[in-house]
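Construct the entire structure; sequences and hints are all you get.
Protein chains: 2
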Amino acid sequence: MSVAWADIAAVRARIAPHLVETPVIRSANLDALTGRRVLIKLETVQHTGAFKFRGAMAKLTGLSPEQQLAGVIAYSTGNHGMAVAEAARRLGIAATVVVPLDTPAVKVARMRESGAEIAQCDRFKENGEEIARSRAAREGRAFVHPFDDEAVIAGQGTLAAEMIDQARAMGESMDALLVNSAGGGFVGGCAVATAQLSPTTGVWSVECTAWDAIRRSIASGRHEDNLAATPSVCDAIQARKPGAAGYAAFKDRLAGAIAVNDAQAIAALRYAFERLRLVVEPGGAVGLAAVLANMLPPEARTIGIVLCGGNVDAERFASWIAQ
Amino acid sequence: MSVAWADIAAVRARIAPHLVETPVIRSANLDALTGRRVLIKLETVQHTGAFKFRGAMAKLTGLSPEQQLAGVIAYSTGNHGMAVAEAARRLGIAATVVVPLDTPAVKVARMRESGAEIAQCDRFKENGEEIARSRAAREGRAFVHPFDDEAVIAGQGTLAAEMIDQARAMGESMDALLVNSAGGGFVGGCAVATAQLSPTTGVWSVECTAWDAIRRSIASGRHEDNLAATPSVCDAIQARKPGAAGYAAFKDRLAGAIAVNDAQAIAALRYAFERLRLVVEPGGAVGLAAVLANMLPPEARTIGIVLCGGNVDAERFASWIAQ
Chain G
1 MSVAWADIAA VRARIAPHLV ETPVIRSANL DALTGRRVLI KLETVQHTGA
51 FKFRGAMAKL TGLSPEQQLA GVIAYSTGNH GMAVAEAARR LGIAATVVVP
101 LDTPAVKVAR MRESGAEIAQ CDRFKENGEE IARSRAAREG RAFVHPFDDE
151 AVIAGQGTLA AEMIDQARAM GESMDALLVN SAGGGFVGGC AVATAQLSPT
201 TGVWSVECTA WDAIRRSIAS GRHEDNLAAT PSVCDAIQAR KPGAAGYAAF
251 KDRLAGAIAV NDAQAIAALR YAFERLRLVV EPGGAVGLAA VLANMLPPEA
301 RTIGIVLCGG NVDAERFASW IAQ
Chain X
1 MSVAWADIAA VRARIAPHLV ETPVIRSANL DALTGRRVLI KLETVQHTGA
51 FKFRGAMAKL TGLSPEQQLA GVIAYSTGNH GMAVAEAARR LGIAATVVVP
101 LDTPAVKVAR MRESGAEIAQ CDRFKENGEE IARSRAAREG RAFVHPFDDE
151 AVIAGQGTLA AEMIDQARAM GESMDALLVN SAGGGFVGGC AVATAQLSPT
201 TGVWSVECTA WDAIRRSIAS GRHEDNLAAT PSVCDAIQAR KPGAAGYAAF
251 KDRLAGAIAV NDAQAIAALR YAFERLRLVV EPGGAVGLAA VLANMLPPEA
301 RTIGIVLCGG NVDAERFASW IAQ
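Quick note, the sequences are listed as chains G and X, same order. Here the first sequence stands for residues 1 to 323, where the numbers follow this note's numbering. Here the second sequence stands for residues 1 to 323, where the numbers follow this note's numbering.
Wrong hints could be hidden among the right ones.
No copy is singled out in the list; a pair is fine if it fits within one copy or between any two copies.
Calculated lysine to any residue pairs in the SDA-like style (CA-CA distance at most 20 Å, straight line) [as the list claims (entries may be wrong)]:
1) Lys251 / Gln67
2) Lys107 / Arg275
3) Lys107 / Arg270
4) Lys107 / Ala137
Calculated directly from the structure, the hints in this document are not laboratory data.
Structure follows, in structure tokens:
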């Protein structure tokens, strides 16, 4: 079974009251610079500052009353954990997030602020996902995976549905929609929604070059992994291997797959700061980076991009913009 | 003669096609922190990154064809000059901006990028406004004042009209609308529009404490100036004296006037970075600062604020967020 349009439509109706309908803007400078029409979705102003809130809310609202009463558990180093914690708070569900010991203190504080219980693990010696999964099984609680889950994928797909509606209201039709990718849940959900609502729009996956399993999967026709990945500044878009559910959703639906390097991602972050007055994390800026680096074919005249997350350490952001 | 609602309505219809309808968002964290409902208008994503584009476009579209052919001239150190240059470019009007020698290079570059001619002056030895005014008279060109001009005030007033409409569409009614103030054009225009469209909304002026002539004018009943002002980080909201046209528009219409200090403005800038993922300049953050510092009466349950500009030097922004 894989995610179908009907799943996304049902989830969209269910979670809409809980979401920020994030704005879509245009920038005269970006259009002039790229020679295209670029629609920019500010998912950075979503609750908890990232699209991950959509998937978390989709998963949690889809649980049975008994499951909601039992509570949920997740493993995360950042955006997913913050999203699960805040979605749980809003729904009155108890949440535990397993976090690595080296998770930035500010992110742990945000999860606690949303009322989540925090459990720490040593990610160099332990498998945090396994710890969370087995604890969930032991305690009869639902485990919320960041991407390899059909409810989560349907939630992420609501972004494309919302953006297609917003583009139409602006009188625009996207030739290409660029989706920041890692575990494949976001791009998979967006590919399913787009195929239904705007079949002439090509959905493109955008990864960082060091973690480009989706690009390699599209090239090889096999489900590739990132087990040999090297470090990248794009911490939010790193997955050991795209999920099976996401892979099923995106594999025959993408127009293409792109990877941008760290320098391109940082240049895009700096552009967003200076020209769009927006805070974007490196992994949230890869779609913008792909457009700025002119990596799309010329026939893609109108391009949609998603600034999908803005949770970035202040010290690192400061050093990047001041370069 | 002073600015009337009919002027703002006419200007709004005229400039709407040229503007970004800037989004209004809410933040669950900000509401929880302040115990209020806060509507946040992202004027930072307006063309040229500030509300000044509204006034510039209002002024330039209101010129006769002969005046448009003759071109315009402005004096500015930043947001106003960028706004005039870009509005002129879009309308095919020649523009000259007189800038002080110590204007940040990036702002001069932005004005040049919009096609403006740049003339430099030494603001410690010369009066830049007088240079621009007399050159305009000599060359038969329109001088575009940053705030003491009824067309400009009407343009700035379109922000309040747009925000009131957006609040209604969200099912909200603002008890208070906080407007970042200096020369009085923005708050004057917003006060006139609000009195017409939403008379139960109190319009508040927000200045920085070092440049608080509007607050002192409201207290004394006289048209006060800032001639004795001391330095402040809020460079975008500093005027030697509020304009006569703005004073006429705001003096009997404000619910109150607030001033925030530099530390409060920087704390608001940092909050916007961390929690709203938005880049705001200190002078653009004073309304947010007033709400964060709880400077509004308790009966103001639903408060509108404007993040009115996001043009900030990268090095300074970096130092502020990393504090």
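A quick look at each hint next to the structure:
no.	hint	in the structure
1	Lys251 / Gln67	neither (32 Å within a copy, 59 Å between copies)
2	Lys107 / Arg275	between (27 Å within a copy, 12 Å between copies)
3	Lys107 / Arg270	between (22 Å within a copy, 16 Å between copies)
4	Lys107 / Ala137	neither (26 Å within a copy, 58 Å between copies)
Of the numbered hints given earlier, the model fails hints 1, 4; all others are met.
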